[in-house]
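Trainee: Read off the chains here:
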Amino acid sequence: MFRLKALTIATVALIAVPLSAHDMWIEPTTFSPEAGTIVGVRLRVGQDLLGDPLGYDPALINQFVFEDAAGRKPVVGRAGSDPAGLLRVAMPGLLVIGYRSNPSAVELPADKFNQYLKEEGLDAVAALRARRNETSAKGRELFSRCAKSLVFSGPTNSAQRDRTLGFTLELVAERNPYAIANSQDVPFRLTYESRPLPGALVVAMNRFNPTEKLTARTDNDGRVRFKLKQDGMWLIKAVHMVPAAGAANADWASYWASLTFELKKPL
Amino acid sequence: MAIKWSCCVAAVIVASSAVAGAHEIGTTRVSVVLEGDRRYTIEIVTDAAALVEKLEASTGRRSSSDKDAARQRAVLETLDEIFRRRLTVAFDGSTVRPAIEYFVAAQADASSSPVATVRLTGVTPPGAHAFTWTYGWTFASYALVVRHDGQENPATQWLEGSQTSAPFALVAPAPAVDRFGTARRYMILGFTHIVPYGFDHVLFVLGIFLLSGRVRSVLWQVSAFTLAHSITLGLSMYGVVTVSPALVEPMIAFSIAYVAIENMFLSELRSWRVALVFAFGLLHGLGFAGALKELGLPRSDFFTALLTFNAGVEAGQLAVITAAFVLVGWRCGGADWYRRRVVIPASLAIACTALYWTVQRLP
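Each protein sequence line maps, in turn, to chains A and B. Per the numbering used here, the first sequence starts with residue 1, numbered consecutively. Per the numbering used here, the second sequence starts with residue 1, numbered consecutively.
Extracted from the complex, chain B is given alone in its bound form (with noise of 0.2 Å):
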């Protein structure tokens, strides 16, 4: 306990030295804890006797001068109005009567005083805003430390006795919203979440493009698809459209070896095939939400997030077709080779490799 507290002592000593030079720091520190639902709690810790001794001597009696910790408590218990004369809480400038218990505790090393830890309890009023603090029953400067709970980083002033503590805000305050940073971060994971890690959804774009080897075919199709997954993928983060993913997941891999083996069949593009790619894009955006949902929308740019993210989807896919135009050219895409060498049977893979998914992905 001794080790403890001078510890914390000297941490507090050798902060504030480094910022503010040379001040009588003493060694009694506060610290208040601002928690979510409303309630605070505040800790005094601070020299026993030397805080009896004060309590003492206002009530015009000569000091006990006892050291017994279990007799300081009791002390401190019988003084307890005493005590609250010096000490203000207030939130926005109305002062409130916290709950208080005092603790006194031995140290093992018999020539340092035991130490007093006075405990503060109480809710915050409905609509405060602002939290102040008077402390009267300290000479020397102390620290008064202020954390919203949950929070790392806590707001620390140095105060004199008596002196009242700028105001500390009970809302914690909002990291700081980096969008530009927000948006390149979730245009990554969109993009990623397609090339390399979305290997269904770029089979399902490889379909598209293989239907035809024909501009158009993919553009109206992509446009369906791309307007499908967005609208889903919306309504799904905002909670409108709730779908399970054990019935999305089976039916984004039939999804995929419907196209494919309709590929076989077909060799142009047709107003139905496109009405068939809207819907399953309707069914892709529902897995994009899911996907998302495990990533984590940031609250503060929740918007900005869900937007980059299908712009990042949408960047992928498009990577996928350029890349496969690339590699088979759209001027091949007239020859009769192309379809026999490549649209059947990589539309024949893709339909295997798909109902291969559906059956796994069944509940």
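Bound conformation, chain A alone (with noise of 0.2 Å):
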């Protein structure tokens, strides 16, 4: 699966040049740390988790936290590192990282947005452009990150779960995946604005085999269930495509939401 985006600058003209945009995803140095070690987190974009790191960006980020049993402490970074920020482990359990980037514009002439609208499973989206007779329109859209990591520290607790971090588009496991018995599905819930989205793909990969990818549609409840059968690091995914309201230079408006963690044995 080959998604492309559009997203590139020109230093002197300012012209928008398309450019792609591809999964974004937390990438911690280690995800079981000990406490009272420091963990670099990584942030990486690309696809089909191979990646390219992305430095820390003060114009680029919203919000970059991560909540443990006592709290949401920022992220600490220095501008252009990688790893992207900095973390201290205080205690043992299990710990949220997240990361919520500023939106960027993005313009993809129409056959390239249809086929992403396709791709991502934004079925909705391109049954209203046809609606409206916009299937032959360039797509000019502000996409905006809404990654998560779950790192666990100490010895298992399947008490301690994931936490909402009040991004606009957010994937939450809800079952601490590092305390999952053997065949248990992991259920993941996917809110839009606080609320369960229902009707959206959510896609699963796992670092060892990313191109055989696990897909689901949210019901209802906003909830999808993977049997997550092979160890290593795991990308839950979902893009979510909205109208964008008052935006004078797009007309859509994207969240893209991820969450990784990794599991150490086979289920």
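Every clue listed holds true.
Facing chain A, according to a computed beta carbon distance under 10 Å, are these residues of chain B, among others:
hint, residue
1, T46
2, D47
3, L51
4, E53
5, D109
6, W137
7, T138
8, G161
No farther apart than 30 Å at their CA atoms in a straight line, the calculated lysine-lysine pairs in the BS3-like style are these:
hint, chain 1, residue 1, chain 2, residue 2
9, A, K227, A, K213
10, A, K264, A, K73
11, A, K213, B, K67
12, A, K213, A, K264
13, B, K67, A, K264
14, A, K229, B, K67
15, A, K264, A, K227
16, A, K213, A, K112
17, A, K213, A, K118
If you're looking for bench data, these hints aren't it; they were derived computationally from the structure. For clarity, every value in this text was computed on a predicted model and none was experimentally measured. For every residue, glycine included, the Cβ atom is placed at its ideal position computed from N, Cα and C.
If you follow the hints, you should be able to join the two separate chains into one complex; please do so.
Mentor: What follows is the structure in structure tokens.
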């Protein structure tokens, strides 16, 4: 699956040139740190879990935080650095890292935009464009990232759960993936503006076999379940698109949710 | 190394943010140097692990996830042909095959991935006009910086992976020609070469002036002198005539002395005096050329600079003559005392000074 989106900047003329927008996810330097250690928070953009580092970019960051049982703290970073941020694991338990970006403007030719809608399962937007006779119109879009990652420190504890960070589009693991038993499904819930989002395509891929993806549509409660049999890092992702209200340079606003974690042993 | 790398990326992010707002800028950067002898060098600096992973994935094999810099370099060298598949260096639309070297450097910071530097080198095809670039091994936006060797201001394009750059001209753009500015500058240089820096030329012009108080006398001599020095200045600057300054400079000094000495024995303009001033003018033109060569002439506006420098020299000479007329007045030119008290002593002083210079300037 090859997704193309456009996003380019020309420094001199400020001409919008097509450029790709791909999946974006958080890849910590370790998913199972010891309490008291420092974890590097790497941001990656790419496809099929082959990613390029994104440096810490204050202009792009809306929220860059982590939350443990003691509350929420900022992930600290230095402009341009990779890993983009650092955090200190203060206590054992599940720790949620979140990165919410400011919107970036993108403009795509009609055929590429339609292809992208199809590949991301954004059928409602494609249907709306068709009803408005806009299928042959170029796609002008503002896209934002809503990335999360779960790391776990200490002994397995099923009582500890993923937390809601309040991102516009957010994937929440409803079971602690570090404490699931063999053959159990892992339920994920997708929310848009804090409400369950039904009918959205959610994709899961594993680090060791990223081209073989698991896909499911959310039910009326915004929920999907995946049986994750492979160990290693997993990326769960979903894209939601709505008409861009009041934006002069875009007709659509898209939100890219992602959630990463690591399964240590085959289930 | 880690600090240097981060600083470079930070600079790119700050620069891009300033002009383009928020975009997903990766840590890859590409710099191109186009050299005057048609050689080019392209350096891709990128995260080594990310590049190795993508290359390995494209071969269908599982990533080695090796973080050792030496082994990463070895993998990159092994996968050279794979790397070349998503890379295009083109001149006038024709793809070339550069030589590629791979380097991987570990970073001091253990949490940071080693940095790969991929160096592409080659020679531009004869007669090529434009360079274009495509690099498909990054998903994030990156800056392509193209610099002509010896030029300070590089051209920058922001590109997405697989996006082909707009063409870059292989010939460095000529600096904007400001003809008026050049003319003004060289006119001033010509003038100041006489006043205040050209005391020897000032004395020669005064020697011309002192022969006779008549305007006609001055005009004839100045015209002959101007015509002559313009000829040799032009011929020398275009390389037609070349005379060593070691010969020209003492002869200029001697010409001043000769004119001043002649003033003491001659009070009327003679035709051979005009011819002599013309001959001396040829010498002085060679002297002006020597000075102008030291100042340097803009290649883009050579003729304008030459013409206006000569005009500035002329203006300087006329300023000297005007000042002399104002000081002694042309009405005094006919008076008996003028020759006794002005022409003879002044010419004597000029002659002594110039003879001293003549000896001083002899090699």
